[in-house]
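2 protein chains.
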Amino acid sequence: MLRTHNCGELRLTHINTSVTICGWVQRTRDIGHLIFADIRDKYGITQITAIEGTSKPEIQEQLRKLGRETVVKIIGKVSERSSKNPNIPTGDIEILVEEIEILNTSKVPPFLIEDETDGGDELRMEYRYLDLRRNPVRKNIELRHQMNRATRQFLDDLGFIDIETPVLIKSTPEGARDFVVPSRMNQGEFYALPQSPQTFKQILMVAGFDRYYQIVKCFRDEDLRADRQPEFTQIDCEMSFITQEDILNTFEGLIRHLFSQVKKYELPEVPRMTYDDAMRFYGSDKPDTRFEMKFVELNELTKGKSFLVFEEAELIVGICATNCASYTRKQIDELTDFIKRPQIGAKGLVYVRCELDGTFKSSVDKFYSSEDLQKIATKMNAKAGDLLLILSGESHKVRKQLSELRLEMGNKLGLRDKNKFAALWVLDFPLLEYSEEDNRFYAMHHPFTAPKPEDEILLQDEKRWGDIRANAYDMVINGTEVGGGSIRIYQRPLQEKMLGILGFSPEEAKAQFGFLMEAFEFGAPPHGGIAFGFDRLCSIFGGADSIRDFIAFPKNNSGRDMMIKSPSPIAQAQLDELSLNITKK
Amino acid sequence: MLRTHNCGELRLTHINTSVTICGWVQRTRDIGHLIFADIRDKYGITQITAIEGTSKPEIQEQLRKLGRETVVKIIGKVSERSSKNPNIPTGDIEILVEEIEILNTSKVPPFLIEDETDGGDELRMEYRYLDLRRNPVRKNIELRHQMNRATRQFLDDLGFIDIETPVLIKSTPEGARDFVVPSRMNQGEFYALPQSPQTFKQILMVAGFDRYYQIVKCFRDEDLRADRQPEFTQIDCEMSFITQEDILNTFEGLIRHLFSQVKKYELPEVPRMTYDDAMRFYGSDKPDTRFEMKFVELNELTKGKSFLVFEEAELIVGICATNCASYTRKQIDELTDFIKRPQIGAKGLVYVRCELDGTFKSSVDKFYSSEDLQKIATKMNAKAGDLLLILSGESHKVRKQLSELRLEMGNKLGLRDKNKFAALWVLDFPLLEYSEEDNRFYAMHHPFTAPKPEDEILLQDEKRWGDIRANAYDMVINGTEVGGGSIRIYQRPLQEKMLGILGFSPEEAKAQFGFLMEAFEFGAPPHGGIAFGFDRLCSIFGGADSIRDFIAFPKNNSGRDMMIKSPSPIAQAQLDELSLNITKK
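Protein chains in written order, with our numbering: chain A, 1 to 585; chain B, 1 to 585.
Honestly, the hints are just simulated from the structure, not real lab data.
These numbers were taken from a predicted model, which means no experiment stands behind them.
Check the hints yourself; a few may be wrong.
To be verified - With a cut-off of at most 30 Å between alpha-carbon atoms, the simulated DSBU-like pairs for lysine-lysine come out as follows: (1) B:LYS497 - A:LYS73; (2) B:LYS510 - A:LYS107; (3) A:LYS510 - B:LYS584; (4) B:LYS412 - B:LYS463; (5) B:LYS340 - B:LYS330; (6) B:LYS565 - A:LYS497; (7) B:LYS584 - A:LYS107; (8) B:LYS510 - A:LYS584; (9) A:LYS497 - B:LYS73; (10) B:LYS56 - B:LYS73.
If we strip away everything but chain A, and leave its shape as in the complex, we get (with noise of 0.2 Å):
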């Protein structure tokens, strides 16, 4: 090694000893008699001087030289400080600095290469390289590794095995769209990447394999909304032999070791709740639940008093928002508009004050008595005090809208603290979920999920398969969807009933998923898995919004690689060998 000493090891037992370090200057200070500078790395700060006087004069000179971000070897005495730094594990030392050399030069960075960085993300983006020199861009990738050793460890120790699934597959017309590889050897055909390695875990299970995993790319070609990658990495896993609960219980066990190893954070046991109850009380299926503020349908308190836009109203619904009464008439109005935005829809806003006095104060006060505002109070555990916010409309609509403005009360109300934890298993989703639009059912999860065996009956009868429930699960974290799997279909007939009801004709399912069926016919065991986001778990334990830092190389929204410029052109001749043409450009 270049160095015997890395940047952030050295301590007062090092003192006197010659050493040698490696590192990027972070800053000089030359205050005449005395000039320092900080060598970064990976590791940490170790701050080198020289002082006049003591150290060769043109050592002082190479020092005050020095511009950020070149690379130095550092030849040195280790030295007591006699100011110290209890910021920094180094802040005891300094190395008097013998000999400089300069293994490389650098030139100014264009943006600060510090914890608060003045780079705009475009060219943060394109100078990743001196983004990822910054801490918190450099945590984030060491915890996503943190993240996936601790995850291998616990899965490894469970005896799953990691086997790696292709990347060149084929092409699926189910699902979001695929990105599709030419072949050249052969023309006129495509591989695809794949989605997730779906078929191929199951494949496994049907191979004998029992407990598979992988940490997996995966890919898709959708229209990038923020914070979406067409690259991303999947915890993918699979077990034979297992009924939804064995899932449940050992993939919870890997996230509470997860918290453990990486947040050192006991999480407690993960509560559990059935898709049409997180619906019910919290308008939807990743609810957050670091706070409860859970729905209150209120439509028998409600109704009949002539109040039109309830009377009308399939639902209403309201939350108790804890201490808010004394929200001005502009607090309000902003809730209003808020729920009124395109994205949400919502037509209005009712609200109750309960008035610490015992009064309420509402905006339908013409319809409703003080009787019925407290009977309403009563009903949402209101206390004096607190703000009730109560919408209607149709069911699966409004209660959609009352979740945005759940989430919006709760960050309001500073309930959704970054560093609070609070994971959820939603269980029972739908099997089928039908679109007007295309006047035809999806599979909600996918098409290779099992309905629970006590709801198979209903796919007999077309106007029972919305009611069919599957043997699906999710796990949400903070309100965010990380995690999700099922118990699947291991059976030839079932499989193929499945896939007519999502459209597929006989041919079509044959020609797309006709190796998964005969799989099923050489004896495949009953299996199941999960597959957590693995960006947005790492993202989750960062306590970050976006995964983007915690992607060493992510793609911008227009599915760009800023730093290598690509995509690209190629050239005419590697079309010709694929048998291409580009139609319009």
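Start from chain A and add chain B according to the hints.
Chain B only, in chain A's frame:
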């Protein structure tokens, strides 16, 4: 779990325990009053038994009817076998069946699910899930997992961190052909799949990550020779602030750790050899050093004796095959035929038998006296009973030919035992390799490899380019290159010079590698690394010639996945979205 125990764990200590196992029916035996079945899962085989008069008659009937590969759940009591099977860990016990549940049926498999199968390659690829049930194949995949785990353990402990680099990158014309991925959002533009994360790992060093690794899929759209896969896996590593010596020591440590952990074999210190010596003594830059049989150059002793073939040859070189003097004329003719095959292309073979009585018998007796042959034998360290095999011709070609002959003799003499391991570092590779065909230099390793500092001066003299040695190294095990790497260029001017030598115009260099050269200007540390071919490494540890059975889902020689039938045509709508047309079919 559907089971209380797996099929590999029951022992005498479990006698009288009520257990439930799940698995596949391996075979049944009906000997009248006793009916046996072997139930198999990943963990082992357990015998289940029904006894006439003891078991319920319907159980016997069920057991009798069980077809191979049926998936069953068996409830019963563990009992000591009267006739034990010492060959399997569960051989002391059997389960007296109380209940059988058929979890899934199986058609008759198209080939035997036994260690030795009757299935051909194509059939085994098509029904890969059945092939993977076979012990030898399953064990390869398990070995791969162990290798993966032990690699991570070693590198994690040394402070390497696993960082995922992107799969959708940019096409570069240098080197092998890229797989490309059309971008829908950036019409007419393409991503490429990485042939290696080379530039990204260097960027990570510039970013200060100090020690990086990744076990990562890479892609090459090459014409597939036997045992090459379009997607393959590398153990990819890079370190900063190091010398070549540090890399060699670190990764020799990795390989020894793998042998120790996975094979329980203590690999001795790995010898080192320069590229020049490897070529001189073995005619190969990846010599199989499980056996000696070094080349001995004989120009001095053979020239000037009127044997025209030798007179005209640039190099006369031989090997000594111990105890092969007894080879018959026919055997020697076979060797001659072997080296005359077009793939090898030698003109002829000269032999000298060192007879047990101290005389010599050779194919060139006419030209060489007994004393001449004695001198040759002495130089070649031959003993009575040995056979000398001598080739001649152009140095470069004759070395390659003799290398093939040496390996063939190694095979014949049983010196290439798959359970014996000999590792070797080959060092000091040439930086550049001249292609007569293209009339230009190519990078022997890749364009980012640094010349040896002492040879850097030769860059100024085009005539000396071929003499420049690189700080590049390969690890060879049993005659196979399992890994290779180099110290990298980390300064822009040298990188520009190198790309210029390789025929890049400044514009091309900037378009392809501008980001890397720019990164070098912002304080790039000295760095270097290595990559191991993980599939190949696994196959060597598994004692197999083919990498295919160490890959769960390999592709065939046409790049096809026979199981999922990929690649395949895609819909016109997909092509339209990508603005692509197929020009011919």
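Against the earlier hints, flag every one the structure doesn't satisfy and list their numbers going up. 4 and 7
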